[in-house]
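These are the residues of each chain, in order.
2 protein chains.
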Amino acid sequence: MKKACIVSIGNELLSGQTVDTNASWLAARLFEKGVLTAGVWQVPDEKERIVKAIQDASQQGELIVVTGGLGPTDDDLTRNAVAAYLGVELEFHDEILRAMNDFFEKRGKTMAPKNRSQAYFPTGAAILDNPIGTAPGFWARKKDIDIVVMPGVPAEMKQMFTDHVLPFLEQSLSTARVVCRKLRCLGAGESEIAQKLGNLMERGRNPLINCTCGSGDIIMHINATAEDEKTAIQMIDDDKTAIRECLGEWVYGEDDQSLPDVVADLLKKHHKTMVTAESCTGGLLSQMLTEIPGSSEYLLAGWVTYSNEAKIRLLGVPEKLIADFGAVSAPVAQSMATQAAQRSGADIAVAITGIAGPGGGTDEKPVGLVYISVFIDGDCKVAEHRFPAVNRHWVRMRSALAALNHIRLRLQV
Amino acid sequence: MKKACIVSIGNELLSGQTVDTNASWLAARLFEKGVLTAGVWQVPDEKERIVKAIQDASQQGELIVVTGGLGPTDDDLTRNAVAAYLGVELEFHDEILRAMNDFFEKRGKTMAPKNRSQAYFPTGAAILDNPIGTAPGFWARKKDIDIVVMPGVPAEMKQMFTDHVLPFLEQSLSTARVVCRKLRCLGAGESEIAQKLGNLMERGRNPLINCTCGSGDIIMHINATAEDEKTAIQMIDDDKTAIRECLGEWVYGEDDQSLPDVVADLLKKHHKTMVTAESCTGGLLSQMLTEIPGSSEYLLAGWVTYSNEAKIRLLGVPEKLIADFGAVSAPVAQSMATQAAQRSGADIAVAITGIAGPGGGTDEKPVGLVYISVFIDGDCKVAEHRFPAVNRHWVRMRSALAALNHIRLRLQV
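If you read the sequences in order, they're chains P and B.
44 is the number that numbering that gives the first Met the number 0 gives to position 45 of the first sequence; each next residue is one higher, with no gaps.
1 is the number that numbering that gives the first Met the number 0 gives to position 2 of the second sequence; each next residue is one higher, with no gaps.
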């Protein structure tokens, strides 16, 4: 199996100001393609240290992936260090300078003179374009070692890796393949799921099944190793069936499908339109749904009725209902959903009202108490949730996910 | 200044399944005590590789912090590797085995035979107890190098570091202290800022100023080294003044203050209430504002008027305005803000309408074109933005941040 090494460059990594998420993202992508990462080196913005790390890395792997230090400022020394490792000079690329000029001009800005340094590359390196930033990457070779250098900005690095490195890996793969797939669950905790799965999660088993916590959901990673991709995929498919049998409706999706994606697909499949009425989540639910391209097809509108007055004036929740039961109550949640449906004419309306904290909780209505009402074609249901009061962000996230899960379970039937 | 190196051990780091948050946590704690981390090595559970990483680390720092590989299973090889580096044998500690037995018995469990391996330590090492787990750590010395070995489980590592390593650092600290502060900027790119700051960002300067990209904003890190903390803080304060003079209103906040935090403080200071009317951001702006505890004090309500019909029916935007100028236009943005203010009675209304992509763009109105209107006490302004069409998430994030920045600039005057 081919081996890779990762070199992450930047003082901010070594002062603890930035967590090196690039390295683990890269290691995971490489692993999916059957390339094992033999080591990660995090080094400061110092030329000698970068050169040394690349030299050490070249003893452990045939592919060296370097990120960071390609910016326009004086502490960006990766170009110089890689050139020194390769034993070549830096070469100025006029066409790259022109492209950078265009990048700024299109945005109505003038390029700063400092950006000029980004048009220098080690002689002989192939330039990797950066469609979303100014710093291009590059690819060089020394004996049997491929060295690919990318910006440290995660979005730019990911795009460049996907465009340029993945196709290369697919061409040069060895026969033994590792294939990874995921199943995504909501509604049970990690240990509850592990208990249900029993032997399926045994160490040393192939496929190897791991369980990680997402943001409110649980992700099952299924890693199969086989002589060829087809066999590995078949092994995974068998495991998926077994897991789905154990976990039932807890499984909501596969691989990188998010819960909003799953709900969006269901809304489109059933030709349903939808509106939201949010109190404690303050727009989080509508934000999650509109993050998906094409969401205008089903999401008509949303109300953030954070104050009691907004619930009364904007949505038409009866004042007496709030006075009698409180804003965080099942009747108010139902009224919010029903009113939102009537005012918009949508097929589905979802209302969330709860106590996100840290303040505002009482013995009777503690932080984490959330009512979610889902109105579908005239049928309005409400559910009470008592989420752990981990923190405000957590309660809001769990509330929005629970609301989406209610829609999923009702539309999936 | 004393230097440290971090060695993180574990196959799960190199398959991308676990992000090495230990390393950045350790680097941040060390940095706070004036100890710079010279490098991080992530290596697999292989004895030779662990030995090599420790050898390389010992060339760069006087304190080597090793985490991981202290568990009871066969792939836990850190003890053996450190003993090999030190040139000593492993030694069995009966009192540790008894303590582990107690640990399990107290929890009503029987210790597995495999745990016995955790009672072996390099001869001469000092044992560091682990009050919350089974694996003790240890501390050894070779010539001038201190090497401290801790479990990889973050909670156990943090406890052990706090109990045993911090007191050591405080004793053996050189007088030199490093203090680190941040300034947060919006409105200009990295190179534009570096250009303006000129010599302030010179390498080797003290304080050392670094620049990193946040999510849409730019963060300036100011690191000062001095004989004592007071002097370092004074140096940072001087630099802050100099940077603020250079960058003017681009600087929106300090340290861990987010832009929503700054705007929330301004709203409270000026006793202003606010509503939002969002099209392309779909609730992101109201979600960001309501993430802050106590936001009900100023945020009254929000509309997500994603469809034209919602803009017309819910907000009362004149149909003709949309027909004449299009939903993504300055007049529609202004109408959304004005209507939202009138309907709610809020002092401030912010409206966002734009093309977040990936579809929906034209030559005339490309993806990334966003109109933001801010109504404050009867005065309604509108701004046109042309954000790089990186992706949908990016355009939405930049739009919400720009809207917050408009409020900030108008309230700060």
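Don't take every hint at face value.
Identical copies carry no separate label here, and so any pair may be met within one copy or between two of them.
Unchecked claim - Straight line, CA to CA, 27 Å or less: simulated BS3-like cross-link-like pairs of lysine-lysine:
(1) 141 with 229
(2) 142 with 108
(3) 46 with 271
(4) 364 with 108
(5) 239 with 113
(6) 380 with 268
(7) 113 with 181
(8) 267 with 319
(9) 2 with 181
(10) 195 with 108
(11) 2 with 51
(12) 113 with 380
(13) 319 with 142
Treat the hints as calculated values from the structure; they're not laboratory data.
None of the values given here were measured: they were computed from a predicted structure.
Hint check results:
In this assembly of identical chains, residue 141 and residue 229 lie within 27 Å of each other by CA distance neither inside one copy nor across copies; the values are 34 Å within and 50 Å between. Taking CA atoms no more than 27 Å apart as the test, residue 142 paired with residue 108 passes in neither setting, with 42 Å inside one copy and 56 Å between copies. Taking CA atoms no more than 27 Å apart as the test, residue 46 paired with residue 271 passes in neither setting, with 58 Å inside one copy and 52 Å between copies. In this assembly of identical chains, the alpha carbons of residue 364 and residue 108 lie at most 27 Å apart only when taken from different copies (19 Å versus 53 Å within one copy).
Taking the shortest Cα distances, residue 239 and residue 113 sit within 27 Å of each other only across copies (22 Å), while inside one copy they are farther apart (53 Å). Taking the shortest Cα distances, residue 380 and residue 268 sit within 27 Å of each other inside one copy (22 Å), while across copies they are farther apart (41 Å). Proximity of residue 113 to residue 181 under the C-alpha cut-off of 27 Å is restricted to the inter-copy arrangement: shortest distance 23 Å between copies versus 44 Å within a copy. Within a single copy, residue 267 and residue 319 get their C-alpha atoms no closer than 37 Å, and across copies no closer than 30 Å, so neither meets the 27 Å cut-off.
In this assembly of identical chains, the alpha carbons of residue 2 and residue 181 lie at most 27 Å apart only when taken from the same copy (23 Å versus 38 Å across copies). Taking the shortest Cα distances, residue 195 and residue 108 sit within 27 Å of each other only across copies (15 Å), while inside one copy they are farther apart (58 Å). In the homo-oligomer, the alpha carbons of residue 2 and residue 51 lie at most 27 Å apart both inside one protomer (19 Å) and across protomers (18 Å), since each shortest distance falls under that limit. With identical chains, the CA atoms of residue 113 and residue 380 are never at most 27 Å apart, being 60 Å at best within one copy and 35 Å at best between copies.
In this homomeric assembly, residue 319 and residue 142 never come within 27 Å of each other (Cα to Cα): the closest approach is 79 Å inside a single copy and 68 Å across copies.
Violation of the numbered hints given earlier is confined to hints 1, 2, 3, 8, 12 and 13; the remaining hints are satisfied by the structure.
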